[in-house]
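Novice: Residue numbers (full-length UniProt numbering), protein chains in the order written: chain A, 1 to 345; chain B, 1 to 331.
It should be emphasised that the hints constitute simulated quantities derived from the structure, not laboratory data.
Do not take every clue at face value.
[Stated by the list, open to error] The following label-pair restraints were derived from C-beta to C-beta distances: (1) A:Leu107 - B:Asp9: 44 to 50 Å; (2) B:Glu156 - A:Thr296: 54 to 60 Å; (3) B:Glu277 - A:Asp72: 34 to 40 Å; (4) B:Arg72 - A:Leu56: 50 to 56 Å; (5) B:Arg72 - A:Gly18: 39 to 45 Å; (6) A:Ser279 - B:Pro125: 20 to 26 Å; (7) B:Asp101 - A:Thr68: 38 to 44 Å; (8) B:Ser185 - A:Leu56: 25 to 31 Å; (9) A:Asp8 - B:Arg151: 52 to 58 Å; (10) A:Glu199 - B:Asp101: 51 to 57 Å; (11) A:Thr68 - B:Ser282: 45 to 51 Å; (12) A:Glu172 - B:Asn18: 45 to 51 Å; (13) A:Asn202 - B:Val28: 52 to 58 Å.
Keep in mind the model is a prediction, meaning the values are calculated, not measured.
Glycine included, C-beta positions come from ideal geometry on N, C-alpha and C.
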Amino acid sequence: MALLEVSDLRTSFHTRGGVVRAVDGVSFTLDKGETLGIVGESGSGKSVTCYSLMKLIPEPPGRIESGTAFFDGQDLLQMSPKQLRKIRGNRISMIFQDPMTSLNPYLRISTQLIEALRIHTNIDKKAALKKAIEALEEVGIPGAAQRVNQYPHEFSGGMRQRVMIAMALITEPDLLIADEPTTALDVTVQAQILDIIKERQNRLGTAVILVTHDLGVVAGTCDKVNVMYGGKLMESGTAEQVFYNAIHPYTRSLQKTIPSLQAKGENLYTIAGLPPDVSKPIHGCAFYPRCPYPKTGAPEGDRPQLVDAGDGHCFADCRFCDSSAPIETVLPQKDAGDLAGEELA
Amino acid sequence: MSDFLVLDDLKTHFDLGNKAFSRQSKGVVKAVDGISLTVQEGEILGLVGESGCGKSTLGRTILQLIKPTSGRVILEGRELNALPEKELRKARIDFQMIFQDPYASLNPRMTVMDTLGEAVRTRHPELKGEALRARIAELMRTVGMNPAQMRRYPHEFSGGQRQRVAIARALAPEPKLIIADEPVSALDVSIQSQILNLLKDLTRKMGLTMIFISHDLSVVRYIADRIAVMYLGKIIELGSAEDIVDDPLHIYTRALMSAIPRPDPRLERSRSRIVLEGDPPSPMNPPSGCNFWPRSPVQHDDYMKSHEPVFEEIVPGHYAANCPFCLQKQS
């Protein structure tokens, strides 16, 4: 049985400007020890998916409309706050993007590190502190015995993120949710942090959900990939399937926009227009207005469902464009700015 | 071709002041520490480095937004740092800046027309009414926006559109030099490529000179003619974009290149990376000698700690800090 089984998760925010369907029917599974990458642009619903699993959505205005999320046989979304508290920080931990705002500036690192241990296990303070120092050493903080008594502002950004990882893993959770853990860091430090997460994961057998907008990070760390757009999955499968045999036009376009893959001198490939506004109803395919493929019909009806192309490689089966055409033939496009202007005008 | 912009041993140090109730100094941050560089007209120079390496401070020092501690900035034969405030204001029309965060760099109470109009009138104070509007509309079309949106406020635009407004504002006074400080870092990948294309096309078409500051080598590689790599306030490698990316000399540049995650799972799993230890050291207390030694993954000894490397031409057109340990080739 899978460790985590999410099906048809829907989360929306009821604002004065209308209902924002941030997550609109997302299903996926995750096995023990596996790493799942969730990729997408800002506003695609990747963070909200994770927050929904932990029930960290502020209600109101947010509401988890439907869906189930079975974690080790229990539905996280139906749990009482008391049951959830037993799981959060113990069996499921989370790392956030900005390590400065997620550490308490008033408390010593030691206090923050042992808090989870003291709450979830019957461990005395001395033993907990010893474990905290060990945890810091494991994530590569030199002089851990002294540094454990320092405050967050005495650490650099990369070091703070190490502290966050140590804190998240100190209870040896079954699932670690990392929401853009390296976006605020330099590339050299990012490489270190990703290595630490991988190494700790191998040791503890933790399953990881890694939320990121960087396809490179996903390629290096993830077994499975979910591509999100406008609150829905556009494509999902193993890293190999999604990177080498992408089916959905959005995944293909996204891959083509990465600057490092393009020949110098040529213009960069761009996706025209803007990501969809999920506060308005979307008919047919959310990517339709930006899709570079020849259109075969007007988008109508419900948004396309995920279908299996074989071997668990799923994609949103949109029938409004001819995605069998090679993407090179659809270039060059209309100037991106003009399209964006028309949409707004 | 004459040298368009010359930096001569430029230093920008920040004095942190004295400790409370004492005359003891808290120290000096050497954000820019002896940079000499020439930029040719029409060139795009990429400035790369980790956070805290002084790349933004260098950009601001060139524009005299921060006064240098010592050294000279010479733009077309004029020594900017020696100009009195009044003349500097006039000279500023010739150089403009694009900032990272378009949410913060545009005035929320000014419409696009106000923002751009003000910038246009720094060059052409006589323009008003219909002529001014025509010029603004032309600018908006240049950056791929719809002139019908002239009367909108910044909050009505998306991040990418706002960055277009910021670019239009920088172009409005018809500058010769643009310094772009991380102009695409706050944008999504799909929008990032739109803005990069726009910047590249515009500089080529208008013959602008640009200094493009970024932490992302893959972005800089695409846009720049030459790349300068900064570390702790100094330039440690300088060369054509192809040389820096395909054949880097300094181990730091090689480490930066290898740290960029490639969107290719099989390659990512098999390739070996040069992993640097720790964080960049503090520019308040930089290491002695070759300042890279505390993080260097190669063998080093006391020689490296005591000898400051000379920045010189190693291969024609390709300069690097000549430290024997940092430059040794690894197979």
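Novice: Each hint: holds or not?
Specialist: To see whether the hints hold, each was checked on the structure:
At about 46 Å, the beta-carbon gap between Leu107 of chain A and Asp9 of chain B stays in the expected band of 44 to 50 Å. A hinted range of 54 to 60 Å for the beta carbons of Glu156 of chain B and Thr296 of chain A is inconsistent with their spacing of about 34 Å. Roughly 38 Å separates the CB atoms of Glu277 of chain B and Asp72 of chain A, a value that falls within the hinted 34 to 40 Å. About 54 Å separates the C-beta atoms of Arg72 of chain B and Leu56 of chain A, a value consistent with the hinted range of 50 to 56 Å.
Taken as a hint, the range 39 to 45 Å is violated for the pair Arg72 of chain B and Gly18 of chain A, whose Cβ atoms sit roughly 58 Å apart. A hinted range of 20 to 26 Å for the beta carbons of Ser279 of chain A and Pro125 of chain B is inconsistent with their spacing of about 43 Å. Range check, Asp101 of chain B to Thr68 of chain A: about 40 Å between beta-carbon atoms, so the 38 to 44 Å window is met. Take Ser185 of chain B and Leu56 of chain A: their Cβ atoms lie about 27 Å apart, and the range 25 to 31 Å holds.
Checking the proposed 52 to 58 Å range against Asp8 of chain A and Arg151 of chain B shows it is violated: the Cβ atoms sit about 44 Å from each other. Against the hinted window of 51 to 57 Å, the Cβ-Cβ separation of Glu199 of chain A and Asp101 of chain B comes to about 34 Å, which falls outside the hint. Here the CB-CB span from Thr68 of chain A to Ser282 of chain B is close to 50 Å, well matched to the stated 45 to 51 Å. The hint said 45 to 51 Å for the Cβ distance between Glu172 of chain A and Asn18 of chain B, and at roughly 48 Å that hint holds.
At about 44 Å, the CB distance of Asn202 of chain A to Val28 of chain B disagrees with the hint of 52 to 58 Å.
Consistency with the previously given hints fails for numbers 2, 5, 6, 9, 10 and 13, ordered from lowest to highest.
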